[in-house]
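K.L.:
This is what each chain is made of:
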Amino acid sequence: DVKVTQSSRYLVKRTGEKVFLECVQDMDHENMFWYRQDPGLGLRLIYFSYDVKMKEKGDIPEGYSVSREKKERFSLILESASTNQTSMYLCASSLLQGSKTQYFGPGTRLLVL
Amino acid sequence: DQQVKQNSPSLSVQEGRISILNCDYTNSMFDYFLWYKKYPAEGPTFLISISSIKDKNEDGRFTVFLNKSAKHLSLHIVPSQPGDSAVYFCAASARTGRRALTFGSGTRLQVQP
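Residue numbers (the working numbering), protein chains in the order written: chain A, 1 to 113; chain C, 1 to 113.
A portion of the hints provided could be inaccurate.
[Claimed, not checked] Distance condition first, Cα-Cα at most 25 Å in a straight line; then the derived DSS-like pairs of lysine-lysine: (1) Lys55/A / Lys71/A; (2) Lys71/C / Lys37/C; (3) Lys57/A / Lys5/C; (4) Lys71/C / Lys3/A; (5) Lys56/C / Lys37/C; (6) Lys71/A / Lys3/A.
These are calculated hints, taken from the structure and not from any lab test.
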């Protein structure tokens, strides 16, 4: 079974703090994704990566950056957290070729005060 | 502009009856569609998918129907069980362009015992 893990289930941060969310997958998947889920808005893509050191902006990249130094690890960085970044953050991975199915981690619920 | 729409935020059905969840899309480049199920405090899990070359795909109690001319797909769950109570997301992938999925806003299904 594919396993996608996220470093924290719950986080509470202060406005202006730098926040790191870590995601690790164990299936040698090329593609990795960061989404945020908000009520009534579904899942919105923040960034994705299709290879080590490669990244592409998603639909809502403002206020975020990402890092992919190793194939299995994809980090989401909130440079200066704001209250409107309070959300559920979901990491996913998928194979480059073949199935378009994405496998999700359990999510990190972030509260910015 | 939402390219994938789930117009019903919630649905309630009796155990043993059919649940029908609907999804509409606007982008004619979408050629692969997926349904994900999400329980609270967990990441979405893949449920079933369909390619645009088909109009139906079945997996046990779950069937997805695709009507390309109407740009509409639906998920049927028969018979519905209380354990099916969750949020269901419709997602789509385009044949060209980015590899990420575009998600709908979700429908919360409640199956009453």
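K.L.:
What's the verdict on Lys57/A and Lys5/C, does the C-alpha distance respect the 25 Å limit or exceed it?
P.N.:
holds (22 Å)
K.L.:
Is it true that the CA of Lys71/C sits at most 25 Å from the CA of Lys37/C?
P.N.:
holds (21 Å)
K.L.:
Lys56/C and Lys37/C: Cα distance at most 25 Å?
P.N.:
holds (19 Å)
K.L.:
Lys71/A and Lys3/A were given as a pair; does the straight-line alpha-carbon distance stay at or below 25 Å?
P.N.:
holds (14 Å)
K.L.:
Given the proposed pairing of Lys71/C with Lys3/A, does the C-alpha separation stay at or below 25 Å?
P.N.:
violated (33 Å)
K.L.:
With the threshold set at 25 Å, check whether the alpha-carbon distance from Lys55/A to Lys71/A stays at or below it.
P.N.:
holds (12 Å)
Consistency note: the structure conflicts with earlier hint 4 alone.
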